[in-house]
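There are 2 protein chains.
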Amino acid sequence: MATLKEVGERALVENIRGFLKPRSKTTRIGPGDDAAVIKGGSDGSIVISTDVLTKERHFPEGMTYEQFGWSAAAVSFSDIASMGARPLGFVSAITLPEDTDESQLYDIVSGIDQCCELCGTDIVGGDTKFGSMSVAGTAFGTMDGRSPLTRSGAKVGDIVAVTGTLGNAAAGFYAIENGIEADDQIFALMVPVPRVEDGMNLSKSGVVHSCMDLSDGLANAMHAVCAASHVGMEVEWEFLPVEDDTRKVLEQCGKDVKHTVMEWGGDYELMFTFDRNDIKKLYDLEVPFSIIGVVTEGDTPYLSDGNEKTEVGDGVY
Amino acid sequence: MATLKEVGERALVENIRGFLKPRSKTTRIGPGDDAAVIKGGSDGSIVISTDVLTKERHFPEGMTYEQFGWSAAAVSFSDIASMGARPLGFVSAITLPEDTDESQLYDIVSGIDQCCELCGTDIVGGDTKFGSMSVAGTAFGTMDGRSPLTRSGAKVGDIVAVTGTLGNAAAGFYAIENGIEADDQIFALMVPVPRVEDGMNLSKSGVVHSCMDLSDGLANAMHAVCAASHVGMEVEWEFLPVEDDTRKVLEQCGKDVKHTVMEWGGDYELMFTFDRNDIKKLYDLEVPFSIIGVVTEGDTPYLSDGNEKTEVGDGVY
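The listed protein sequences correspond, in order, to chains A and B.
Note that the numbering used here numbers the first sequence so that position 181 is 181, with each residue one more than the last.
Note that the numbering used here numbers the second sequence so that position 215 is 215, with each residue one more than the last.
So that you can see chain A by itself, here it is in the shape it has in the complex (with noise of 0.2 Å):
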């Protein structure tokens, strides 16, 4: 048998769900997508996302035990907001060494718990133990009867659009990593604003098809909705919105604008699908976003920047 990371993360979480064989009636949506979706809610369904930050992976130089809170449960409402879910609460698993002294566990929860009250919800549970740092957070939401917004639903012809703009959590990284000034793009990394009113506004619109958060970055994206719905995409680097700013700071860095751009996560901007016909619907909404391509036929997403196209994926654009 292999290591974990030989066998690498994606090919685990495949082989999982190999074998796991659903039985319950009441899964809507099981492992796969941004959340699971159970029957069971006030309209039919309960919408649930998990998901675990260490201190030694997911805690930068600078970063603050208040804003490593808000990054363990903005991470998971981010999911609950892909799907177009309203958040109904949060529960934490919080691991800390015994000698930690106790401030750093109060800013931790209190940094849970300010992500919440953007959210609108509450923290309604936890658990503590003596471990390494980490929080495990799960969040959880309602459809209010709406159909939740997967990766699967995308349609050859749709309209490819993002909110917000791309780059600034990896440029905050590089920034912090050479030294160099870039508030903006560090506050990005820090404090990840899940796009919870964004994903309900676009489920409420009931136009769009798909919808998939960015927090594994824009290539991982394009990848995981054209596996899901069948379709290949092709987004151009022209129209991806990339703040001025940002692009200093990676250039600044020596950092290729965009290979950081399409390959790094972090962003939790929102990418969705939906067709050319309802853009009037979507401008309506009060939903920033960026038309940056379009959903084809075949099964591979492409970028394109003036006469070339690249897939997406290899790391080469």
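No lab work stands behind these hints, which were simulated from the structure alone.
Take these hints with a grain of salt, some might be off.
One copy or two, either will do: identical chains are not told apart, so a pair holds if it fits within one copy or between any two.
Calculated cross-link-like contacts (lysine-lysine; reagent style DSSO-like; alpha-carbon spacing at most 30 Å) [what the hints assert, rightly or not]:
{"#": "1", "residue 1": "K5", "residue 2": "K281"}
{"#": "2", "residue 1": "K309", "residue 2": "K248"}
{"#": "3", "residue 1": "K204", "residue 2": "K39"}
{"#": "4", "residue 1": "K129", "residue 2": "K25"}
{"#": "5", "residue 1": "K129", "residue 2": "K258"}
{"#": "6", "residue 1": "K5", "residue 2": "K55"}
{"#": "7", "residue 1": "K248", "residue 2": "K280"}
{"#": "8", "residue 1": "K39", "residue 2": "K155"}
{"#": "9", "residue 1": "K21", "residue 2": "K55"}
{"#": "10", "residue 1": "K39", "residue 2": "K258"}
{"#": "11", "residue 1": "K309", "residue 2": "K155"}
{"#": "12", "residue 1": "K248", "residue 2": "K204"}
{"#": "13", "residue 1": "K39", "residue 2": "K309"}
Given chain A, work out where chain B should sit, using these hints.
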């Protein structure tokens, strides 16, 4: 500021509760009971509980990875059971060292899945990250229109009862420590069974006033119910269901049987209270239980043994 160890787990939880101000109108029961209850289920209530187990602390010698996964699920399902809820699903957030053999991850997930099967439900989602080995699980369920069984409903004059038998997990633990053969007790420690069916049946009876699981021991449960219900409690040592074999194992290990049965957790039975006039309704349920005492006036839990009556919780009986 003090370290977590110096402050102690109970005080930390109290402190956190002190600064968390519930703001959401959907939270019916927040932190402080076995599980949280949120408005929003098909009947108005989703029940949710989260727990984290670490390999350092919750992996006795001889435990398999499957049993570790099973246990991680069982602890949260036990909290769902103690509210009388029907399980709807489970999500797990697992951290593992990157040099872990992949089979260990699959065994953990398989163990979780088997416990989900026992509880009539599925793993509906999860997250896996590199880190120290831990499993944070979140179980959720629905009340199907019934009222949740809480810690706060015990009434003076109620009968106090427990499901199953006590002290098995403790005996299993000490048997391993002392190299004593005790298959049943060791199995009870390694594969705790959440009393999901019993919890639902107790809830359906409509006559149970309070309920709590014994994951942290009988003494702890008596204290918690007395504090939440503003009552006292008197339990009779001779009434406690401790099997002869379990008693023998504890004695062989040089352990004080009374102290161990009162203070040790891990049995995952349910302690519940009900009006003595309703006892026939409880005998009609298919829930094996033992009457162990009565709810009294006051605010103190006591253990009686013949003429001796000792306050529960100072560890001396």
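Here is what the structure says about each hint:
no.	hint	verdict
1	K5 / K281	neither (45 Å within a copy, 56 Å between copies)
2	K309 / K248	within (24 Å within a copy, 75 Å between copies)
3	K204 / K39	both (19 Å within a copy, 21 Å between copies)
4	K129 / K25	between (34 Å within a copy, 29 Å between copies)
5	K129 / K258	between (42 Å within a copy, 27 Å between copies)
6	K5 / K55	both (19 Å within a copy, 19 Å between copies)
7	K248 / K280	neither (34 Å within a copy, 77 Å between copies)
8	K39 / K155	within (26 Å within a copy, 35 Å between copies)
9	K21 / K55	between (33 Å within a copy, 27 Å between copies)
10	K39 / K258	neither (41 Å within a copy, 45 Å between copies)
11	K309 / K155	within (21 Å within a copy, 73 Å between copies)
12	K248 / K204	neither (37 Å within a copy, 64 Å between copies)
13	K39 / K309	neither (43 Å within a copy, 50 Å between copies)
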